[in-house]
Structure formats: structure tokens, C-alpha cells
Amino acid sequence: MSGLRWTIWLPLAVFAAFLALVGLQLYRPAEREVQSAMIGKPVPQFALPAASPDRPGVSTADFRDGKPKLLNIWASWCIPCAAEAPQLAELQVQGAQIVGVAIRDKPEDVAAFLAQYGNPYARIGADNLSSIQLEIGSSGVPETFVVDGQGIIRYQHIGDVRKRDVAILLDKLKEAGE
Amino acid sequence: MRHVLLALMLAFSLQAPALAQDSLPPAPYAYRQLDDPEQEAQAQALMETLRCLKCQSQSIADSDAPMAGDMRHQVRIRIAAGEAPESIRAWLVERYGDYVSYKPRLDGATWPLFVVPLLLVLLGAVVLLRRFGRRP
Numbered sequence: 001m002s003g004l005r006w007t008i009w010l011p012l013a014v015f016a017a018f019l020a021l022v023g024l025q026l027y028r029p030a031e032r033e034v035q036s037a038m039i040g041k042p043v044p045q046f047a048l049p050a051a052s053p054d055r056p057g058v059s060t061a062d063f064r065d066g067k068p069k070l071l072n073i074w075a076s077w078c079i080p081c082a083a084e085a086p087q088l089a090e091l092q093v094q095g096a097q098i099v100g101v102a103i104r105d106k107p108e109d110v111a112a113f114l115a116q117y118g119n120p121y122a123r124i125g126a127d128n129l130s131s132i133q134l135e136i137g138s139s140g141v142p143e144t145f146v147v148d149g150q151g152i153i154r155y156q157h158i159g160d161v162r163k164r165d166v167a168i169l170l171d172k173l174k175e176a177g178e
Numbered sequence: 001m002r003h004v005l006l007a008l009m010l011a012f013s014l015q016a017p018a019l020a021q022d023s024l025p026p027a028p029y030a031y032r033q034l035d036d037p038e039q040e041a042q043a044q045a046l047m048e049t050l051r052c053l054k055c056q057s058q059s060i061a062d063s064d065a066p067m068a069g070d071m072r073h074q075v076r077i078r079i080a081a082g083e084a085p086e087s088i089r090a091w092l093v094e095r096y097g098d099y100v101s102y103k104p105r106l107d108g109a110t111w112p113l114f115v116v117p118l119l120l121v122l123l124g125a126v127v128l129l130r131r132f133g134r135r136p
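These protein sequence lines map, in sequence, to chains Y and H.
Under our numbering, the residue at position 167 of the first sequence is numbered 167, and the numbers go up by one with no gaps.
Under our numbering, the residue at position 92 of the second sequence is numbered 92, and the numbers go up by one with no gaps.
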């Protein structure tokens, strides 16, 4: 019987471990970012009309011209998108080609946003149904994808592009071009 | 104090996207039911088991986030076009991973969830039998 003595504590220990797990999860909620499962896969089929009069729209074929690009999903009503504008401008100065898609946006709002924060985009598509987000596995704005010259998605950046992300994105673009 | 301030600023900066709203009307089928009640029932059942990615504890059937509306639109037009609900689920899982679906799936990572309760019940039965089964 003495061999059994310590085992009577086992259920309590399991219960305590369970409580600790619950406490930990309450204290530190689960990761909220949803990574796209499309990394390594081709850009899905889509064709979006122009969101701005002075830039063409965006379609899948635009990503297959041999040059790696950034696909920036943004919106004029999204505050972090305004915060990342200087970084996108910096990326463009450093030679990155940036293709934009404006989510659920009015042409006049897009124009006002670009006038205020600058226009680093080579093309801007208008997506009023978030369809490209559903196609590419993006769950919010802004998100930035690195797409190689064959149209394969290589990297996803979730949230606004901050200063330290500029070098990372340039690296990823370079990798995608090799 | 500076850390607290920084944490507060970070918390608010992370919340900003949820507060910002677009000015476009909802997608056509975000709030409109399909005309065929059978198809609408199929769509509704599927929407209740798909996660809203903006408001992650809600299903897209529950959420008023614009993106959830766009997802409902997508589900309804695909159902109306004759696509099977499970194929729409698979289409979303291919893009977002299993996280987008609330319907548990039996696979290499989830089998313990199904097997462990059975083992525990068996273990309980064995313990009870050993305790009380041998009494005259």
C-alpha cells in the first residue's frame, strides 16, 4: 500500500497543472495574427479595376513579369496604413515596386489619402468585397506580401510596415529576385 | 511609468484597425438571405462554423465586421452557384489554415482530443472495477 501513497496526489497535480495552463492563457491571450497559408503558392486569379485615375488596376498577370514586387493591401480608412506610408515611400525610393490594393474604399477617399500621404504605388486595384483578402489569406489591413517574378507568394508581413521592417522587406525582395 | 505609457500606446495602436471603419455599404449578400430557403439553410449552417478573422471569437454569422460581411457574401454566392459547403470550407482552410474553421477535424494533430477522453473513461472503469469489483 505504501507504494500507492504518492499516486493519490497525482489527480491534484494534474488539476493544478490544468489551472496553471488556464491562468497562463488568460494572462497571455493566444496569438491574434492569422498567418496566410498561401506562402509558396501562386498569387490567386483576380482582376481588380483601378482605384485611382492615374494608376492602372491590378490583375494576376501583373505579377508574372519577372520582377519581384510588394503587394500592399491597405485602405484610406485604416489608421496604421497612414502610419506605414513613410516606410512605403522609403521602400519605393530603395527600388521596390509596390502594387497596392485598396479595400472597401471610395475613389475620392483614395485620392485624398494619396494626396496627403504620398503615392508609392505602381498600380492600385479597388477591391470592394475584400475578395483579394479572402483569396490570398489576409485577415486585415495593412498587410504586405512579397511576390517573386513568377507570381509566387514568398513572404507575408502582417500589420503596418515599421522602420525596422524596411530592411527585412528589401532583403525578402532581393531573395525573391535570385 | 514609461513602460506603462508605452504599453498603453501599443494597446491603443493595436486596437486602431478594429475601430476604423470603411464607408462603403455592406456587400450585397452580407445581410440578404438567399431566395432558396434550402440553400440559405446550408449557407447559414456553414457560416456558423467559420471564424471571423477580424473578431476571432465570433463566427462570421455573428459578426458585423465588414470583412465578416464580405465572407458571408462569398459563402452565399458560392452556395447559390451550387458549390458544396464543405468545398467552400476547404477553400478557406487552404488560405487561412484550420484556424478559420470551427468544425473540429480528425487528423494527425487533433486525434488525441478524440482518443484521450475515451482512454480516461476506460481508465476510470478499470479503477472502479479494481476497487469494487472484487468484493464478495
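To be clear, the hints were calculated from the coordinates, so they are not data collected in a lab.
Any given hint might turn out to be false.
[Claimed, not checked] In silico lysine-lysine, DSS-like type, Cα no more than 25 Å apart, as pairs:
id : chain 1 : residue 1 : chain 2 : residue 2
1  : Y       : 41        : H       : 54
2  : H       : 54        : H       : 103
3  : Y       : 41        : Y       : 106
4  : Y       : 106       : Y       : 174
5  : Y       : 174       : Y       : 41
6  : H       : 54        : Y       : 106
[Unchecked claim] Label pairs and their in silico Cβ distance ranges:
id : chain 1 : residue 1 : chain 2 : residue 2 : range
7  : H       : 23        : Y       : 158       : 16 to 26 Å
8  : Y       : 158       : H       : 129       : 12 to 22 Å
9  : H       : 114       : Y       : 16        : 42 to 52 Å
10 : Y       : 18        : H       : 133       : 26 to 36 Å
11 : H       : 103       : Y       : 93        : 20 to 30 Å
12 : Y       : 79        : H       : 113       : 21 to 31 Å
13 : H       : 131       : Y       : 16        : 22 to 32 Å
14 : Y       : 175       : H       : 117       : 42 to 52 Å
15 : Y       : 94        : H       : 44        : 21 to 31 Å
The beta carbon of each residue, even a glycine, is placed where N, CA and C say it ideally should be.
>> Run through the hints listed earlier and report the numbers of any the structure violates, in increasing order.
In response: Going through the list in order, the structure violates hints 3, 4, 8, 9, 11, 12, 15 and respects the others.
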